[in-house]
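Asks: Sequence:
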Amino acid sequence: MSSCAGLSAALLASLRQLDDPPSLPGWNHAELADLLGDSVRMPAAVLVPLVRRGEHVSLLLTRRNEGLRTHAGQVAFPGGRIEAADADAVAAALRETEEETGIARGLVRPLGFLDCFETVSGFCVTPVVAEVAPDYVLAPDPREVAEVFEVPLAFVLDAANLRRSEVSWRGRRREIYEYDYDGRRIWGATAAMLVNLLHRMEALP
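So that you can map any letter, position 53 of the sequence shown is 52 in numbering that gives the first Met the number 0, and since no number is skipped, the others follow by simple counting.
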């Protein structure tokens with residue numbers, strides 16, 4: 000497994016340390032308080048996978064199967080609910096990544112955390128940022144994943160590529176974020192977690 004020396008010092012410094020995992024409330028709690036109130040948020044975790052090849056770093060993403068009941072066809076980080084057998088959010092993110100993409104957890108080096116993110120479906124998601132070895136081998140679960148692809152990290156970190164728009168959700172106007180990369184729409188919770196990274200790196204006002 001390669002070292003993470005090729006990743007930018009600013010990115011690494013922006014992460015919460017592995018011994019300091021985030022907890023509720025999520026950074027977007029105020030935005031959802033009127034929808035979810037004090038209801039219990041179900042714990043979940045996603046992997047934010049970074050792949051370094053020489054001086055170039057990319058972000059690994061999945062596109063969900065079109066036949067899924069929820070979030071069909073959407074671009075997402077690999078991840079899901081934290082199960083009772085998972086030791087913590089890192090273990091859950093590694094397990095879910097291996098199940099969804101086939102990437103062996105031994106090829107993944109956890110680096111740190113972003114802040115918790117609350118979803119409209121009642122989850123509190125812990126994003127685990129990690130470096131994935133560039134020689135990873137894919138074996139996606141076709142029941143869940145239609146595609147696994149990479150996006151240059153520089154594209155995501157360029158705030159000029161981020162678009163904001165408003166949607167109506169349950170009678171209220173809400174701001175959403177999105178990227179458009181190579182014909183793929185990256186939006187919703189995935190884009191919002193990347194916005195959190197931009198804020199933590201002080202790349203957004």
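A hint or two may mislead.
Stated by the list, open to error - Have a look at the derived ranges for each label pair, beta carbon to beta carbon:
#1 F148 to G36: 31 to 39 Å
#2 G105 to E82: 34 to 42 Å
#3 E146 to G121: 25 to 33 Å
#4 G36 to Y135: 22 to 30 Å
#5 D18 to R163: 15 to 23 Å
#6 R52 to E174: 18 to 26 Å
#7 S164 to R108: 17 to 25 Å
Simulated from the structure, these hints should not be mistaken for laboratory data. Note that CB positions come from ideal geometry on N, CA and C, so glycine has one too.
Asks: Compare the structure with each hint and give your call.
Replies: Here is how each hint holds up against the structure:
Between F148 and G36 the Cβ separation comes to about 37 Å, which falls inside the hinted range of 31 to 39 Å. The given range of 34 to 42 Å is broken by G105 and E82, whose C-beta atoms sit roughly 20 Å from each other. The hint said 25 to 33 Å for the Cβ distance between E146 and G121, and at roughly 27 Å that hint holds. Under the hint 22 to 30 Å, the C-beta atoms of G36 and Y135, about 41 Å apart, miss the expected range.
Judged by the Cβ atoms, the range 15 to 23 Å given for D18 and R163 is violated: they are separated by roughly 34 Å. Our hint of 18 to 26 Å for R52 and E174 is violated, since their Cβ atoms are close to 34 Å apart. For S164 and R108, the Cβ-Cβ distance of about 35 Å falls outside the hinted range of 17 to 25 Å, so the restraint is violated.
Checked against the numbered hints listed earlier, the structure breaks hints 2, 4, 5, 6, 7; every other hint is satisfied.
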